[in-house]
Amino acid sequence: MRIQSIRGMHDVIPPDSGMLRNLEHALQAVLQQYGYQEVRLPLLEQTELFRRSLGEVTDIVEKEMYTFEDRNGDSLTLRPEGTASCVRAGLQQGFLYGQPVRLWYGGPFFRHERPQKGRYRQFHQIGAETFGLTGPDIDAELMIMCHHMWQRINLTSRPVLEINSLGTLQARQHYRTALVAYLQQHESKLGDQEKQRLHTNPMRILDSKNPELQDVIRNAPSLPEHLDQASVEHFEGLQALLRTAGIEYRVNPHLVRGLDYYSQTVFEWVVPELGAQATICAGGRYDGLVEQLGGKPYPAAGFAIGLERLMALLEVSRGQDGIDVYMVLVGEQASHAGLKLATRLRGQLPSISVVVNCGGGSMKTQMKRADKSNATLAVILADDELDSHTVGVKFLRERRDQETVSQDGLAPYLNEYLGIQRSES
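Take 2 as the starting number for the sequence shown in the working numbering and just add one per residue.
If you are wondering where the hints come from, they were derived from the structure by calculation, not from laboratory data.
Fair warning: this is a prediction, and the values are worked out from it, not measured in the lab.
Please note that the accuracy of each hint is not assured.
As a list, the in silico DSBU-like pairs of lysine-lysine whose alpha-carbon atoms are at most 35 Å apart [to be verified]:
1) Lys395 - Lys369
2) Lys297 - Lys64
3) Lys118 - Lys196
4) Lys118 - Lys190
5) Lys365 - Lys341
6) Lys373 - Lys341
7) Lys341 - Lys395
8) Lys210 - Lys64
9) Lys395 - Lys365
10) Lys190 - Lys210
Taking the hints into account, I'd like the entire structure generated from these sequences.
Now the structure itself:
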């Protein structure tokens, strides 16, 4: 019997692998433009890190984490999210306090959920975290940066920015009391999951997709009505900054986070056409987490982007991760000369990709391989080209006559032509 991959953990093969890599590079380029630096975090952490940060009664900890004991008897967990790991690293490595810190991370994460499109058991995210900044300006920066990411990847769908304020922990406790009292009046309409959350995490009920609960949710007490004055001013300041930056948004009073360390700003970028998996990015302030994990109180904010959901929106771009140059080499002498020429080109033009035909074959066969490789150009080297110290350049993605170029002039020729192609794409 053939061994299959684990359910919900997929191989990423071409062209999707190229699409994922290009997407990661594009988002990383925007992060670097804003001065965010990369931190590489372990895939495995002590289970206690997520129990303390996410809470014992959350769905992630109760149902979704991949947790096991290693040979030493330690309880370890494959990371289900990146924020807790980032805070743990900051406390352990001592880089949190003092100068404000802007960090980003990426890679695979793991949750034991029911697999469906846009939600997998091994999935990929890119996240950004900031530490040491208290004002609404850093909240706005995170949202503006996301907006630039959508522009950078030419996202044709228009994600909608939804924002809300959770206020301080004290304000939320007053709100929670009012919310529980209201929901208890409608307990007969609550499902089993909502009834459990009523006593453990009542604000998460506002996230429920249960159609029978939507009227109850719409008429529930509003969190903004329970905000303290400082949180109101913070939220108003955020909205003013977004308007100044030309970022459209809508206030969603039912947008919540169920964990106590979240405070004030929360936001999501949603794309309605994705259906149940409409959220492509979620973030907010988590000023209480550093203290919760053993540090001194310290302000923090961040977001995480689900890459599989972005890829679902970019499906029209599939197959475009092609090769720049495919070298067609006819004859033994041409094979030797072509190998040498390709090596020189890669050294002269590090940004281009060059594939050398291997396994022989006629001119016709090699040209078919070149076309199937999705190469932009075929560089042809046969007996005639060897004698004249030239190459033939055939254009595979546009109607244009084949050209003859000297071998010594090939690098500048390719640099100019491919540079123009990239600037136009």
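So, going through the hints one by one against the coordinates:
For the hint pairing Lys395 with Lys369, the CA-to-CA distance comes to about 12 Å; that is within 35 Å, so the pair holds. This hinted pair checks out: Lys297 and Lys64 have alpha carbons roughly 31 Å apart, not beyond 35 Å. With a C-alpha separation of about 28 Å, the suggested pair Lys118 and Lys196 falls inside the 35 Å cut-off, and the hint holds. Restraint check for Lys118 and Lys190: the C-alpha separation of about 29 Å stays at or below 35 Å, so the hint holds.
Pair hint Lys365 plus Lys341 holds up; C-alpha atoms about 23 Å apart against a cutoff of 35 Å. The suggested pairing of Lys373 with Lys341 holds, with an alpha-carbon distance near 24 Å, which does not exceed 35 Å. Under the criterion of a C-alpha separation no larger than 35 Å, the hint pairing Lys341 with Lys395 is consistent with the structure, at around 20 Å. As the CA atoms of Lys210 and Lys64 are separated by approximately 19 Å, the hinted pair is consistent with the 35 Å bound.
A C-alpha spacing of about 13 Å is found between Lys395 and Lys365, which places the hinted pair at or below 35 Å, so the restraint holds. The straight-line distance between the Cα atoms of Lys190 and Lys210 is roughly 13 Å, inside the 35 Å bound, and the hint therefore holds.
No hint from the list above goes unmet by this structure.
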